Each structure stands twice: as C-alpha cells, then as structure tokens.
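Asker: Read off the chains here:
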Amino acid sequence: MTTTLSPQTPGSGPLDVQQELYGAQLPSWGSKAVVGLALVVGAALYLTGTNLVLAALAVWVVSLGLPVWSVVVEGRRKATDRLVTVLVTSAFALAMFPLVSILYTVISKGTKVLSAEFFTYSMRNVVGEGGGIYQALVGTLLITGAAAVISIPIGIFAAIYLVEYADGNRLSRWIRFLVDVMTGIPSIVAGLFAYALFVVFFGEGVRMGIGGSVALSVLMIPVLVRSTEEMLKLVPNELREASYALGVPKWRTVAKVVLPTALAGIVTGITLAIARVIGETAPLLIIAGATDSVNFNLFDGRMATLPVFAYQSIRSPGIPPEFSIDRAWGAALTLLLIVMLLNLIARLVSYFFSPKGER
Amino acid sequence: MTSTLAPRRKRGTVVRAGDRIFSGLSTSAGILILLVLAGVAAFLTIEGVPGILANPDEVKSGQSFWPYVWPLVYGTLIAATVALIIATPVAVGVALFISHYSPRKLGQILGYLVDLLAAVPSVVYGLWGIQFLAPNMVPVYTWLEDNLGFVPFFAGPASATGRTIMTACIVLAVMILPIMTAICREIFLQTPRLHEEAALALGATRWEMARLAIFPYARSGIVSAAMLGLGRALGETLAVAMVLSVTAGTVTANLISSTNPSTIAANIALSFGEASGKTVNVLIASGLVLFVITFLVNFAARSVVDRRKEFSGAN
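If you read the sequences in order, they're chains A and B.
So for the first sequence, our numbering puts the first residue at 1482; every next one is plus one.
So for the second sequence, our numbering puts the first residue at 51; every next one is plus one.
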C-alpha cells in the first residue's frame, strides 16, 4: 500500500509550475534503465568468462550508479532514498544466493548416485563403489516416527491445557515462556540429555534408536505446542459457547468441536515439526550412532540415519574417497527432498483443509 | 449426548469422569514440559559434574575442565558474534524489502523463499560449506591477507583450504537468516499504518519514512530477533563441525588462518564418538556450559519479546 503513497512522478502541467513545485527528478525510466544496464553488463562479463561472484559484484557496482546520478539531478535526500532501495534489494538478492547455490549444488551432485540400488541396498560390507542408504532411510523413518509418537500427544494436550484449561494462570504463563525458551535449546544439548538419561539406566556407551527419538522429542514438543496453541486460539469462541449451550460437557466440546475445527492447522504444524527434526544430525550422532547394517529395533544398538550417514560419509570417506562423497551428496539430496516434500504437504493441507474464510 | 441431560444431584457444575480425565491429561502434559526442561538441566548436571571435577590425567585432553573449555567458549562466542554481525544487516534489509519495498502480492512468495532456507537440514549446509563455499572463499582470504593484513582479524597466513572460522561464520549467518528475517518482517508489517502515512504526507522519502516510523517502532523486535539468531548460532553443531579445520586450544582473533578455535557444539560432535570414561563427562559438562549460555540468551530475548505481546506471533 505504501508504494502508492510514496512520492510519484508529477502529472502533466505547465513546465514552470512543475519545476517550482517538484524540483528536478530523474526520468521515470531512469531506475529501470540503470538496473537493465547493470544486468546487461553482468551478463556480458559472465558470458565472457568472468566468474559468477565478480559478475554479480559488477551488477551491484553499476546499480550504485543510480544514486550517483540521482545526487547530481535530484539532490541528497532522494539520492539516499534510491541508495537504500538498491541496498535493500541487493540484500534480498544476497540472501537468495545461498539458497539457489545450495539447491543447485545438492541437485547436480546428488542426482548422479540416485538409483534403485541406492535406495534398496545397505552399506553392509561395501567398500568403494556401490551400496546405498537403505539402512539410513529405515533408521530415519523409525526414529522420527517414534519421536512423533512421543511428541504429538504431549504437544497437543499441553496446547489444549494452555488454551482451554489454564485461563492465563501463573503456571500457564511459565509453561508458555519456557516453551519459547525451549525452542532455542541447541540440538546437541538435546542429544547429550538423551545420552545422560539413558546412561543412568543402561550404563556407559549406550547407543539406541529410541534415545534419538527422545532427543528429537525435546526439540519437537515446543514447536508443536506453539503451532497447536496458535491454531486452537483461532477457533471462534462462539463455537464453544454454542456447544456448552447445548449442554455438551467441556471435554466433548474440545474433542468434538474445537479439535476438528483446528485439525487442518494442527496437522500442518505437526508436518512442519517433523520436517524440522528429520534433518537433525547432532543428537543422533551422539545417541543413535552410525552403522552400516540395517537395524529395525529401536531398543537395540546403533541405528543409521540419513543426516548422520551423510556426515560420516564426508568425514571419513575411506579410500578412494569419491564414492563415499557421492553417496553423501545422494543422502543429502534424499533428505532435502523429504524435507521439501513435508513442507509442501504442510502448505497443501493448510491450503485445502482449513476452514474457509479464515486466514 | 443424553448423559449430559441427566438430572444433577447438586447445584453447581457437575464434574464428570470424562472432564476430569481430559483436564488431568492436559494439565499433566503441560507440567511434563516443565519437567522435561528441568530434566535436561538435571541430567546434564548429574553427568557433567564428574567431568568438571575430573583430574587432568583422567581425561583425553590432559587438561582440567576450565582451561579445556575456555578456548571452546571463546570459539563459540566469536563464531556466533561474527555470524550475527554478518546476518543482522542482511536480515533487516531482506525483511524491509519483503514488507515495504517489494510489490505486496509478491511479498508472501518472497517470504516463503526465505523460509525455505530454514528448511535446509544443517548437514546439507555443512556439505555445501565444505565442498562449495570453502574452496570459493580461498581467493577472498588471500586478497584480505594481502590488502587488509594489518587488521588483526585478517592477519593470515590465509588458509589454503578455506576451512576457516570466517567460512563457518558465513554458513552460520545464512542459517540464522530465516528466523531473523521472519521476526523482523513480522514486526515491520505491524508498524501502525498511520505513522507511515503521516511520515509520507510530511514529504518524507521512503527511506526517511522507514527511519522515522518503522525503525523506532521495531527496535526492540530487531534486538530480540538478533538475540534469537545469536542463540541459534551458538548452538549450531554440524555445519561448524564439518566446515572448520580445528586446532585444539587455539584462542586467536585471526578469522582467516588454518588454525582455528573450535566451538563447544562442534567439539562435542567431533569427539563424542571416540570418548570414554571421564572424557564423556567432560564433554557433557561442556554441553551444560553451552546450555546455560543459550538459555540465558534465549531467556533475555524472549523477555524482550514478551514485553511487547503483540509480537508473539513472530515465532
């Protein structure tokens, strides 16, 4: 909206009046011309063999010509405004650079190794070429699944407590505040917690899939509580009151009226929370460990997971290293695809299933 | 449903079994969260204290706890601080671009694009950092050493692999960018429309409007965004562990050489696999130190956010 309110090029009028009222201005095509010129220069440099970063830098330097031109024609204030516009826009371009670069690198290096074998073979007894990520896929799905089974009930019930039962009492204020603080717990600390907890029961050097699930739950619960709470708050109070007016007890109101209304949002939140923890590496490195064999038992011994597999493959690639590094990129691509897919599902669920008229 | 119409025995509300169970479940879930947080602190302390008290000859590093952990704390703080210095102006710029400079219809899509950065797993950042960013940064570091070598940060000798703390800081900056941008954007959008229009009506340019109306309103929000970003950067593990080439016990201001201090989190990730006995306890104790640092930073950040309740949506 603000753009329509910013100073615009003046309408037509007698030239002298315009001059008097508005002062000198760059022609309306000025900014487009400079940006266009900058892009042409950048493209020319890149095509003639300058490296991408230098070409981008050239685009930026030429764009700075706009404020310079402006300071000559329009004066200092307008020039500062144009300078900031260039800076803010280039900040966005700068932020997009790693995203594009990461996606490009992962996809171009990862697609090489993707094959049926890559997804259906484990790394057991594989030296050099071949092998796959089957054991890591199994581990990731089992550990994340178990983490979801632990976290979802706790997260949703805690959110129900905060919204429906707490009435803003002191306990709920503390829970809300500490949940916010908990979202900032470093993932490695969650892993150490799980280890410290399991050591007490199982002795030193314990490695278990379920420990990974516990660590991931510590990271997942606060995200779930926050998103579910926001969704429950969006349910109109009239629905609850209508239900009470019909004599429905509170718990049935929550279970049959409030939760179904908020269901799409809650499912979106769950999916995003899973997407967030499925890529966690550090806690699994600590408590779930790494192995080349397939392990279906969460309660017995080491379990491989995708992120840890990618990490180990790059950390100790063996000889010759290329095959292992290729597998690391393949695992990274698989992981990235899973995360993006979960994000997409979350967006679609919230788009298609949320009550109409909201958001 | 008919049960609800059953005649009541007493006046006042009837407490039904279902209600009692349901509210009990909800309340205990809430309390469980408090217990988990307490449990994190408690178990880290139980397993960590033997590490703090361990004799130097009982642990792998051969040092007592505080001399061992100090360079790690230093590395953690310097990496997070430099990352924050890089990320803050970019995050504010990106947020301002999305909220006030880009066409409004595009804003949401651009916001999704930035959020995509948050969806990238940290191990992928690590891979990207070590295989793409580090080699590409080598010429930059050589240039910095040649031209700005008199600044202690760029004293050199420049690393030949690019696996320096500066590279780690850039990766960290990219990783904390999405959350900082999201919070800043949310707050910029909440600036009262009338303030903005008043500034424009007085003849302010768009930048002057931002300076006069948006920034004063959003200052505390930007501060808390930066602190939350700092919390993330302090605790980030894998990206640093993969990118950094570490020399144990280094304390240096030099950002571009091949001898770098490690961070607490990265050190745990790198050493935990081979650790045994008291060494494990030392690592857990260093994790406790990290937990306390991040807890304090997040606590402070959330306190600032909570003072302005309307920002709570900016999560």
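Hints were generated in silico from the structure; no laboratory data involved.
Remember, predicted model here, so these are calculated numbers, not experimental data.
We put the CB at the ideal spot given by N, CA and C, even for glycine.
Incorrect hints may appear among the rest.
Unchecked claim - With a straight-line cut-off of 20 Å between C-alpha atoms, the simulated SDA-like cross-links for lysine to any residue are:
1. A:K1559 - A:S1509
2. A:K1559 - B:W257
3. A:K1731 - B:R66
To be verified - Just the calculated beta-carbon pair ranges, DEER-fashion:
4. B:T211 - A:T1531: 35 to 43 Å
5. B:P106 - A:V1542: 53 to 61 Å
6. A:L1520 - B:N186: 21 to 29 Å
7. B:F203 - A:Y1527: 27 to 35 Å
8. B:S111 - A:M1821: 39 to 47 Å
Asker: If a hint holds in the structure, say so; if it does not, say that too.
Answerer: Here is how each hint holds up against the structure:
1. A:K1559 - A:S1509: Given that 20 Å is the threshold and the Cα spacing comes to 14 Å, the pair holds.
2. A:K1559 - B:W257: 9 Å, holds
3. A:K1731 - B:R66: Holds: A:K1731 and B:R66 sit about 9 Å apart, inside 20 Å.
4. B:T211 - A:T1531: 35 to 43 Å: 24 Å, violated
5. B:P106 - A:V1542: 53 to 61 Å: Holds: the Cβ-Cβ distance is about 55 Å, inside 53 to 61 Å.
6. A:L1520 - B:N186: 21 to 29 Å: Cβ of A:L1520 to Cβ of B:N186: about 22 Å, so the range 21 to 29 Å holds.
7. B:F203 - A:Y1527: 27 to 35 Å: Holds, at about 31 Å.
8. B:S111 - A:M1821: 39 to 47 Å: Between B:S111 and A:M1821, where Cβ atoms are some 41 Å apart, the hint holds.
In the structure shown, a violation is registered for the earlier hint numbered 4 alone.
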